[in-house]
Amino acid sequence: MSDKVLLDYGSGGRASQRLISELFLKHLGNEELNRLNDAAELAVSGRIAMSTDSFTVDPIFFPGGNIGSLAVHGTVNDVAMMGAVPRFMTCAYIIEEGLPMDHLEIIVASMGEAVREAGVVIVSGDTKVVPRGAVDKIFINTTGIGEIIVDPAPSGDRARPGDAVLISGTIGDHGLTILGTREGLDFQARVESDSASLNHLLIRLVRELPEVHVLRDPTRGGLATTLNEITHSSRVGCHLDEGSLPVRPEVAGGCSILGLDPLYLANEGKFLCVLPGEDAEKALEIMRADPLGRDACRIGTMTDENPGKVALITRLGGKRLLGMLEGEQLPRIC
Amino acid sequence: MSFELLNKFRDPELCGKVLETLRTELSGGLRFMEVCGTHTVAIFQSGLRSLLPEEIVHLSGPGCPVCVTHESEVNAFLDLAGRDGVIMATFGDLMRVPGHQGRNLKKAQADGARVKVVYSPFDTLKLARENPGDLVVFIGVGFETTAPTIAATMKMAREQGIGNLRVLCFHKTVPAALEALLADERAGIEGFILPGHVSAIIGLEPYRFIADKYGKSAVIAGFEPLDILQALLSMVRWRNAGEARVVNSYTRIVSDAGNAKAREIMYEVFQPTDALWRGIGCIPGSGLEIRPDWESFDAGKEFGIVIEEGPALPGCKCGDILKGIKRPDECPLFKKACTPANPVGPCMVSTEGSCAAYYKYKLD
Ligand code: SF4
Ligand code: SF4
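Read top to bottom, the protein sequences are chains A and B.
One point on numbering: in the UniProt record's numbering, the residue at position 308 of the first sequence is 308, and numbering is uninterrupted.
One point on numbering: in the UniProt record's numbering, the residue at position 142 of the second sequence is 142, and numbering is uninterrupted.
What the hints contain is simulated information worked out from the structure, not anything from laboratory work.
It is possible that part of the hints are untrue.
[Claimed, not checked] Here are some, though not all, of the chain B residues that point toward chain A, as calculated from beta-carbon distances under 7 Å: (1) Pro12; (2) Cys15; (3) Phe44; (4) Ser46; (5) Gly47; (6) Leu48; (7) Ser50; (8) Leu51; (9) Pro225; (10) Lys360; (11) Tyr361; (12) Lys362; (13) Leu363.
Glycine included, each C-beta is placed from N, C-alpha and C at the ideal position.
Let the hints inform the model, and build the full structure from the sequences given.
Shown next as structure tokens:
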């Protein structure tokens, strides 16, 4: 194969076939995908969760991951937040002509690694190559399907006054890493994306505590925006305790230099969990037993005050509104 | 400054103590105004506003340069932005400021105007060099904080023989505006928290009249909660003692004498003039204009721009808000016709604007 991706590779002819067998099947192959049928035959039963997402992150390589692993983590997590076991995925690549072949290989290989870790299989895929400038290097779309194992499934409109709000770890790591890498900023301390598949931890959590009301991954817009969405659809208020928010000192430092608020930065390996107050301790125990939930903690409580709004209780003990992300603090992060 | 020192100024326990003392020593109400938008945001963001005793009335002043840029000035740069051969250079916060019929620089850009957001006035030198066939016009909006850098940029352009850089000079100066506020009895301001960055340039002297002529107090303060609390406590104590004082308590950044070098550059290129402030009107001696021997840089002169008082935006209460007569949530358009996504007045556009701060941080 050529050392750059050529328009030919998207032609559907021989060049495409070579790209598919020598690169995609090599890293993503499995019994179903290898058949190369027009569609996949799947055995799934019961209630199903399905989610799709397109990944356009710039830069495509960043400390802690790349667009390939991110495309798996993002979709696996979205499916798992429904209290579902992710099973199958599809992926569609739109590649800019001229992308170095070894970059593509790194991306596909880390996608392969990510699906194996998450225990899902890619059953269908698509590759397009478009002329230079038609996309920015590479865009990836993934769709995931999983089997829901709790009834009722966790949902953004199920938060109730008195529920505890938990976060599975530190916030802002991914968002600051992406921004910092994009702007070529050199932080004194290393920051790294938290991108990871959370399904194993989430499944354990909902198996032991099927009472979980809401699970959400605070990606774009960050924790603040996600919490606003939950309070809005559940028509409850939320008191968020600024003092207990887990933020790495290096992230806090980077944010204060750039004038950013970690509460609005994207996360890719964290989840928010809202559940009855009395189950909070048990949930934290389960989370902390997993390396991905080591820094889990309780950050707030749902209330019947100010329904639809999030109030931040500041370190000084003051109270102020924590609104949705307004305007374009972070253009096109993922 | 070290993080430890900074953390001290945010320490909840220390702040709690000062707040307690403030409560005990407070004798009657206190109407104070912070002049600077950064203070407005700090007061909200830290939650301080919700902790202050109710008798303390907090007013947000004219301290955000975007907010006080007059409609007529906005229309002037919007008109200029459409002209052939002109590249407008501006700080990002002016992009969404609405002018006549909701036009703004973003829309002008979409219509084909060449508008370039710069992070420093010095960036305009490169822009001018790279576009020798065009005129690069920098929109000079801001207070004593920004004016010296723009003056320095003009000097550098002259030294480097760059002939296609112009400045549309709408700079304003803070002390004259404070005097206008004090002269208007309706706001009843008893004390000011003075802007840190402006003061770093002009020092303490230009504020003396606040105590000497009007018998009110003022404190140059930092932006941490403890800075602000201590400033309020000082003002309460002076009042209890029957005194009025103007004090610099931000000595870790601001020297009493200010920055003489910056002032020298600023006054080499600019001279005082009358200026129109949005919502306030003409304040004598509160603006800066380009001196005659720097006239070749003056976009206003070159394009014959006239700045004049026109009819106010219907419904917008920016004027009363900047003067401390009304609070943002008392404006009938607040959160209704006027939001950060769709601002009617500039107080909602700038992130440091008082309406934007109320919108973003105030719990109903
Ligand atoms: S320009 Fe300076 S004084 Fe004005 S609002 Fe900004 S920080 Fe405050
Ligand atoms: S809410 Fe809007 S219209 Fe009203 S004063 Fe503020 S900026 Fe002006």
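Here is what the structure says about each hint:
1. Taken as an interface hint, Pro12(B) checks out: its beta carbon lies about 5 Å from the nearest beta carbon of chain A, inside 7 Å.
2. For the restraint placing Cys15(B) at the interface with chain A, the shortest Cβ-Cβ distance is roughly 5 Å, inside the 7 Å limit, so the hint holds.
3. For Phe44(B), the interface hint holds, since its Cβ comes within 7 Å of a Cβ in chain A; the closest pair sits about 6 Å apart.
4. Interface restraint check: Ser46(B) against chain A, minimum CB-CB distance 6 Å, threshold 7 Å, status holds.
5. Hint on Gly47(B) holds. Least Cβ distance to chain A is approximately 2 Å, under the 7 Å limit.
6. At its closest, the beta carbon of Leu48(B) sits 6 Å from a beta carbon of chain A; the interface hint therefore holds under the 7 Å criterion.
7. For Ser50(B), the suggested interface contact is upheld, since its CB lies about 4 Å from the closest CB of chain A, less than 7 Å.
8. The beta carbon of Leu51(B) comes within 4 Å of a beta carbon in chain A, closer than 7 Å, and the hint placing it at the interface holds.
9. A least Cβ separation of about 6 Å between Pro225(B) and chain A falls short of the 7 Å threshold, and the interface hint therefore holds.
10. The interface hint given for Lys360(B) is met, as the beta carbon of that residue sits about 6 Å from the closest beta carbon of chain A, less than 7 Å.
11. Below 7 Å, beta-carbon pairs count as interface contacts, and Tyr361(B) has one with chain A at about 5 Å; its hint therefore holds.
12. Because the smallest distance between the Cβ of Lys362(B) and any Cβ of chain A comes to about 6 Å, under 7 Å, the interface hint for this residue holds.
13. The interface hint given for Leu363(B) holds, since its Cβ lies 5 Å from the closest Cβ of chain A, which is under the 7 Å cut-off.
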